[in-house]
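Given next are the chains, with one letter for each unit.
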Amino acid sequence: MIQARGLSRTFKTKDATVEAVRAIDFDVAPGEIVGLLGPNGAGKTTTQRMLATLLLPTAGTATVAGCDLLADPVGVRRQLGYVSQSGGTNPMAKVDEELCTQGELYGLSRAVARDRARALRDQLDLHELGGRLIKTLSGGQKRRLDVALGLVHGPKLLFLDEPSTGLDPQARANLWAHIKTVRDRDRATILLTTHYLDEADALCDRILIIDHGKIVAEGSPAELKRKISGDLVTFELPDDGISRATELLAARAKDVTPVDGGLRVTVENGEAQALPLMRELDAAGIKVAALAIRHPSLDDVFLTLTGRSLRDSPEA
Amino acid sequence: MNDDHLLYLANLSYSEDDAMLRDAMTTFRYQMRLLFREPAWIVVVLVQPLLYLALFAPLLDKLVKGGNFPPGDPWQIFVPGLLIQLGMFGSLFVGFGIISDWRYGVIERMRVTPASRLGLLLGRVIRDSLVLLVQAVLLTLVAVAFGLRVPLVGALLTVGLVLLLGVALASLSYAAGLWLKSEDALGPLLNMISLPVLLLSGILLPMTLAPRWLYRLSQANPFSHIVDAARASFLGDLGNVEILIGLVCAAALAAVGLAVATRVFQRESA
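Heads up: the sequence lines are chains A and B, in that order.
The first sequence begins at 1271 in our numbering and counts up one residue at a time.
The second sequence begins at -9 in our numbering and counts up one residue at a time.
Just chain A, with the same shape it has in the complex (with noise of 0.2 Å):
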């Protein structure tokens, strides 16, 4: 559904000489929730523009949905929806002037237009709220209308950025399940942005890792968490014996870091591995006073990949 080669963006200032994106390849398979995850600043939402027709590459060429980026922008307009982080709505039209003006812009009829916004409207829990001026609408409803909005003309392909940004947690669920839907149901293909670990967690099939305008990493959550670390054991021990079990675990662990009242270490299998290094440690005189086993998130695959915590990050 779109496959880039080498696809770069440089911003020209007074001052300097930005390159937003650099030379960047992927591939996004029909019917895949692809997500570019990132900190603010990364080029995830510059690649994305690039791809949606409204910024020119420096270098490099795409084709989307079948058309070439270059050569036929107006093809690519015709098979995608694209929904900003900033939505694009008028807080003084109604909800549905908006969803028939935009189905009109796509060459739909007046009649089909009105018709389509009544069928996205009951799609995504928008039902009673055609006549409602967006002004009224709640962060949630207004951002499901966004997304409505890059749906209107039944495109192939959807293009989301910073999906749920701004949304309360369960407004944030309610915005995910729909996105699923409309790939299971329309059997559309999305590329989504977004910095939030548990939104590319959550919602995509794959997730291109992207910092400082190339892409690090790639591959399935979990693929991804699997590849870079293991799981994260942490005990919980007395202040006196936390140097000599250092020593202890560090024979047996990749990592060990100190944390508040206790250890952190990274093993292979963290449930069957737990237990035993417990044992040792009881055996060694070191009384755990508890033990947590966790995943590695994609935070952690971040942290492995560029030296620091996407939540940490300045930008993010």
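Hints listed in this document are in silico derivations from the structure and should not be mistaken for laboratory results.
All values derive from a computational prediction rather than experimental measurement.
Be aware that a few hints might be false.
[Stated by the list, open to error] Here are the simulated DSS-like cross-link-like pairs (lysine-lysine), alpha carbons at most 25 Å apart as the crow flies: (1) Lys1284(A) - Lys171(B); (2) Lys1495(A) - Lys1524(A); (3) Lys1405(A) - Lys171(B); (4) Lys1282(A) - Lys171(B).
[Claimed, not checked] Covered stretches of chain B, as calculated for chain A (at least 3 residues, CB under 8 Å): (5) 8 to 20; (6) 236 to 248.
Ideal placement from N, C-alpha and C gives every residue a C-beta, glycine not left out.
Since chain A is already given, all that's left is putting chain B on it; use the hints.
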């Protein structure tokens, strides 16, 4: 979804011109609905020329008799200028609206569709022109009630000039708005341009009153010729070459405005 998609593709069998007009009318209807929801500014734009009509025009009576004024009664001199002023100021500030649309993401949402860029622009300009038309007709009718006598052809020609001016300045205002993307920058820019254009156009007082250097300077201002054309039209002097010059100036400004604004709409950063 697949059926919808096919239906949508089937609907794309328009020629490019048809599609452009269709996109323009879709945008026009959308903009009109938004306009009717917030009509306060129409009242403001309309009240201002009516105030000129009521509070400034009576002063002209003695001035006209003082000499150096072009032929005609005070209303025939003042109302055409007022109509051109309406065309200028009624459309010059529409760029503020496009900045808020850009900020809401509406411009980007529409630009990512296959809609014609010229169509997206024209829809807004047609809305602005319609508002101008209503205001110009109302103003002329009120002036007639005040005592203006004008031949119908002359009035229609002047309204045509006002509309061409509206197309030109609304387009340029949209282009400036999308280019600057800041109300703080757009306001001073428009004021900086509009004030000398206004003073050198003879809208308020005919440039025949001006010293020779100022009169010569005003001749380089196309708006001055448009005002002269409107005054000649109001006198019914249809053979006057100033009408042709004014129409050419207004049409050229409209063409330049549309070309510049379409280019800005097509720009990737618009």
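Comparing the hints with the structure gives:
1. At most 25 Å may separate the alpha-carbon atoms for a hinted pair to count; Lys1284(A) and Lys171(B) meet this at roughly 18 Å.
2. For the proposed pair Lys1495(A) and Lys1524(A), the alpha carbon gap of about 15 Å is at most 25 Å, so the pair holds.
3. For the given pair, Lys1405(A) sits about 22 Å from Lys171(B) by alpha-carbon distance, which is consistent with the 25 Å threshold.
4. About 18 Å separates the Cα atoms of Lys1282(A) and Lys171(B), which keeps this hinted pair within 25 Å; it holds.
5. Check on the stretch 8 to 20 of chain B: 7 of its residues sit with their Cβ under 8 Å from a Cβ of chain A, so the three-residue criterion for coverage holds.
6. Coverage of a stretch by a chain is defined here by at least three residues with a beta carbon nearer than 8 Å to that chain's beta carbons; for the stretch 236 to 248 of chain B and chain A the count is 0, and the condition is violated.
Hint 6 from the list above is the single one not met by this structure.
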